[in-house]
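Use these hints to put chain B onto chain E, whose structure you have.
Protein sequences appear in the order of chains E and B. My numbering puts the first sequence at residues 7 to 340. My numbering puts the second sequence at residues 123 to 459.
Worth flagging that the hints you see were computed from the coordinates, not collected in a lab. C-beta atoms are modelled at their ideal positions from N, C-alpha and C, and glycine is treated no differently. One thing to keep in mind: the hints can contain errors.
Stated by the list, open to error - What follows is a set of in silico ranges between Cβ atoms, one per label pair, in the way DEER data are often shown:
#1 B:Pro420 with E:Gly219: 54 to 64 Å
#2 B:Lys283 with E:Asp58: 50 to 60 Å
#3 E:Asp293 with B:Glu206: 40 to 50 Å
#4 E:Arg187 with B:Ala458: 37 to 47 Å
Residue strings, one per chain:
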Amino acid sequence: MKSASHMLTCRALVAGTAAGTVALAAGDASAQRCPAVPPPRTKGPAIWLSYDQHDMDEMYDQSVYAFNQKHTLARSAANNKIAAATIGKSERFAYGPTPIEGVDVWKTKKPNAPVLIYIHGGSWRSGRSFDFALYAEPYINAGAHFVAIDFTNVRDTKGDLFPLVDQCRRAVGFVYRNAARFGGDPERLYLCSRSSGSHLAGCVVTTDWDKMGLPRTILKGAVLGSGMYDLKPVRMSARSKFVAFTDAMEHELSAQRHIDRLHTPLVLCIGTLETPEFQRQSREFADKVRAAGKPVELVVGQHYNHFEVGDTIGHPYQLMGRELIKMMKLSMAA
Amino acid sequence: MQDNQRCKPTVSRRALVAGTAAGTMMLATGDALAQRCPLTPPPRTRGPNVWLDLDQHELDEAYDQSVYSFNQRFIQERRNERNELMAKVLGKPERVAYGSGKLEMVDIYKTKRPNAPTMIYLHGGAWRGGRSAQGAYLAEPFVNAGAHFVNVEFNNVPDFKGDLMPMVDQCRRAVAWIYRNAGSFGGNPDALYLSGFSSGGHLGGCVVITEWEKQGLPRNILKGAVLGSGMYDLKPVRMSARSSYVKFTDDMEQALSAMRHLDKVHTPLILTIGLLETPEFQRQSREFAAALARAGKPVKLIQAKGHNHFEMGESLSNPYGIMGRAAMEMMKLTTAA
Chain E
7 MKSASHMLTC
17 RALVAGTAAG
27 TVALAAGDAS
37 AQRCPAVPPP
47 RTKGPAIWLS
57 YDQHDMDEMY
67 DQSVYAFNQK
77 HTLARSAANN
87 KIAAATIGKS
97 ERFAYGPTPI
107 EGVDVWKTKK
117 PNAPVLIYIH
127 GGSWRSGRSF
137 DFALYAEPYI
147 NAGAHFVAID
157 FTNVRDTKGD
167 LFPLVDQCRR
177 AVGFVYRNAA
187 RFGGDPERLY
197 LCSRSSGSHL
207 AGCVVTTDWD
217 KMGLPRTILK
227 GAVLGSGMYD
237 LKPVRMSARS
247 KFVAFTDAME
257 HELSAQRHID
267 RLHTPLVLCI
277 GTLETPEFQR
287 QSREFADKVR
297 AAGKPVELVV
307 GQHYNHFEVG
317 DTIGHPYQLM
327 GRELIKMMKL
337 SMAA
Chain B
123 MQDNQRCKPT
133 VSRRALVAGT
143 AAGTMMLATG
153 DALAQRCPLT
163 PPPRTRGPNV
173 WLDLDQHELD
183 EAYDQSVYSF
193 NQRFIQERRN
203 ERNELMAKVL
213 GKPERVAYGS
223 GKLEMVDIYK
233 TKRPNAPTMI
243 YLHGGAWRGG
253 RSAQGAYLAE
263 PFVNAGAHFV
273 NVEFNNVPDF
283 KGDLMPMVDQ
293 CRRAVAWIYR
303 NAGSFGGNPD
313 ALYLSGFSSG
323 GHLGGCVVIT
333 EWEKQGLPRN
343 ILKGAVLGSG
353 MYDLKPVRMS
363 ARSSYVKFTD
373 DMEQALSAMR
383 HLDKVHTPLI
393 LTIGLLETPE
403 FQRQSREFAA
413 ALARAGKPVK
423 LIQAKGHNHF
433 EMGESLSNPY
443 GIMGRAAMEM
453 MKLTTAA
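Chain E with its partners taken away, still in its complex shape:
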C-alpha cells in the first residue's frame, strides 16, 4: 500500500512539474484540489454518471476542491468588516412572524431605486443575512438598494428544505409589496445568490407567483452563482446526512423540473475550478432553460473556485458583479 501511494504521488508530481504546477492529470479543477494524492482506494460501483459514492460525496463537498476555503472565508470576513464600517448597519424589516423572518436592507440614496435581493449560501446549514455589507456596498453606491434575506437553516428544520424556500419566497413577496417603505421601485426587483443560496433562488424563480397574488414577472432578472438545480444527485451524496430528502422535496425543489414556471431572465455563473458536479448542475440547467426557449446566459469564470466565484458579487468589475451591474443597468461611472 505504501509503495502504491508513492507511485501515484510521483506520477502526479511529474505531470505537475511538467505543467508548471502540481496539477493532477485531470485538469484545472483537480489542480485546485489539495494536491496531495489521497490514499489509494478501491473504486466502488458508479452510482451517478461515472461517480461512485466516494466521488459523489466529494463532488458536494466544496472543501475538497477549494483547499483555500478557510482563507477565502477569512478574507470575506475581513472585507465585510471594512465595508460595514464604511456603509453602516442595515435596517431590518420583518417579512414574517418568527424572529429569523426578516430582511436586512442597505439603502441607496437614489430615490425610487432598483432593488437587489440576495440569498446567502452555506450548504443550507449556516449563514445570516446581516453579514453581507461587503456585497451591499458596490450596489448602494451604484444606485440600487441591497436586501439580504434572513431565513432558517436545515439544522432548525430537522433537515427540511421546504421552510427555507417558503421563507425566501415570502421575503420576495414582502419586498415587492413594501419596496416603497425604503424607497425601492417594486417594478425593478432583481435577485442574486451563491451556492446553496442559488438552489433556493432557483426555487424562488420557479415560484407559482399567481397563487400568491403576485405578478409572474416579479423578478426582472437573476444572477445565480454556483447553484444546484436538480436535487437527485445531491440526495445521493453525503449531504443527505443533514438534509432529510424525500421524493416530494427532490421533485418540488429541483428548479430544473419546473422551467414552465420560470418568468425571470437568468444568468448562471460557475467557475472552472469548482467540483465537476457543481459545474454540471449550472450547465445542465442553462441547457434546459434555453431548450425551453427562455432567456438564460451561462457565464463561466476561468480559474475561479467555488468561493472565489461568490466573492465576485462584491466586485463590480469581475464575473458576478459585472453581470449584476449590467443586468440592473447600473453605471460604475462617477
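Using the frame of chain E, we list chain B on its own:
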C-alpha cells in the same frame, strides 16, 4: 513572474492525516504556511541563520512568491482573461514614448472627466517579467471613477544584465514625462498619484525618494502613492536567490533601498500587504512603515487578512478590495452614481 511552482516531491503521511482530519490539507503551523503548497518539503538539515532567523533555504523561499502562493497560476490566468475583455471594453490605450528606448512608453487609458487626476502604475514580476499591457484590467475602475490610468512600460532586468538602476531611472523619467505632458491627455499635472505592486512596489519606493528638485520638478510631484507588497531594503533580497539574476552591488543596494532615504520622501504613502504573504515581504512593508512614521512622514500600513501575494495584486482592480479601496480614497474618487 516566476513559473516554477515548487512543490516538493514527497508527501508526508503526517501531513495527509492532519489534512484529512481538518477536511483540507493544511499544515499545522499557521495561516501563511498553510497557504503554501501543502505537500511537506523533503526533510533537510537546517543551515546557519543568514538573515534574522532564516537560513539560506528559508531566505530563498521568502523571496519566491510561488512557494507561498499555491494558486499563483490561477490568479495570473484570471488576469489574462480580464485583459482580453478589456480590449473590448476599454479599447486600446494611447501609447506614447517617454524616452528614446524601444520600451520607454506609457499606456494611457483616458477618463472622460476634464483636467482629471492620474494614477500611474508600475507593474511587478520580480523585476524580470511583466509588461505594461498586463495591467490593462486595472485601468477600468479608475477610468470610470474619473481618473486617467497610466501604465508605465520599462525594461526587465535581463535586458540590463541584472542592473536595476536603469529600470528605476525609466520609472522616474516616466513620472517626469507625465507631469510635463499631462495636459496632452487631459490630466491635471498637480494631481498625479502612484501605485506599484511587488517588484513594482520596490520601484515605486525608489520613485518616491527621487530628488525631483534636481530635475527642476516639484518635490511633491506625486500627491500620494499606494505601494503593494514591495521591498524597501535590498540587503536581504541581495542575500536571496534573487541575486542569481539581479547583479547587486553595494551602490545599488544603498541607492535603491527606499528605507535608507526617508528624508527624500515628500509623498504620503499607503503600504499594503497580505497576511498570507511570505514573512519577509510582510516584514519589508512593516519596517518601512515604522521607519517612515518615526521620521514623521505620513504613512498608512494596511495588513489584509486572508490574502496572499497575488490576491493582493488583484485587489487593486476592485474599488472595494484592499488596494483598490485605498487608491480610490487616496485620490478622492467615488464610484457613487
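Evaluated hints:
no., hint, verdict
1, B:Pro420 with E:Gly219: 54 to 64 Å, "holds (60 Å)"
2, B:Lys283 with E:Asp58: 50 to 60 Å, "holds (57 Å)"
3, E:Asp293 with B:Glu206: 40 to 50 Å, "violated (25 Å)"
4, E:Arg187 with B:Ala458: 37 to 47 Å, "violated (23 Å)"
Checked against the numbered hints given earlier, this structure breaks hints 3, 4; the rest are met.
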